[in-house]
Amino acid sequence: MLQKKTALVTGASRGIGRGISTILAQNGIAVCGVGTKPNDAVVAYETELKSYDADSFYLQGDISSADDRARIIETVYERFGHLDFLINNAGVAPLNRCDILEMSEESMQRLLDINLKGTFFLSQLAARRMVEERQNGNRDFKMITFITSISAETSSTSRGEYCISKAGLHMATSLFADRLAEDRINVYELRPGIIETDMTAVVKDKYDALIEGGLLPIKRMGQPADIGQAVLGLTSGLFAYSTGDVINLDGGFHISRL
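Each residue of the sequence shown is one higher than the one before, starting from 1 at the first, in our numbering.
Any given hint might turn out to be false.
[As the list claims (entries may be wrong)] With a straight-line Cα cutoff of 25 angstroms, these simulated DSS-like cross-link-like pairs (lysine-lysine) come out:
hint, residue 1, residue 2
1, K206, K219
2, K4, K50
3, K117, K37
4, K50, K37
5, K219, K204
It is worth saying that the hints were derived from the structure and are not from the lab.
Generate the whole structure from the sequences, applying the supplied hints.
Encoded structure:
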């Protein structure tokens, strides 16, 4: 009998993370959705998640904390017994946008601790356990995915710390893909563009005007479900002979055009 597929999704209770985690649960994957909010603040999210898959649950945790990272991984294995998919989605933007000539060390440190260091070392913990599963005979398709941003390559001088953190995750994708290929653990980078979430709500009018003016070949903002569907496609294992790839989910923003 095939065991149920399982996923750990960080930054899961809102925006892109919610889109990913709910779509996975809708398709029969047991999800541990991680976020920093207390459980009583995400009742609606966890209720929705469990309505799709009764084994799914929400777990409060801060990936910038080494203790929390260890607790997250241990909880996943206690509840599920195995882990098939790690979806690294958690990330924050600067509290205040400012010119890189004025950026503070504190702002840079905050973004690196959460977006880059926390994500890297959570992936390290998960990868170790996945490798152990392989050594113990688990042959199921396994995957680590990093959700980055067009900011991994596109300069925004008013939020340079964000761009640097996402560029770092691009290299983390290559490193983990290279190291884990021998253990048949596939690694991907999904690179969203302008996605309609609460984080982009304050600049929606600006983006709408830019898109209408020709910024994107696909003339709309992306939706969290667009990212969720892409993750679901990767969990199928149909791309098993591919690893370390960047998959652009940006409405064609990355295309060089005249």
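Discussion item. To test your reading of the hints: which numbers does this structure violate?
Written reply: The structure conflicts with no hint, since it agrees with every one listed earlier.
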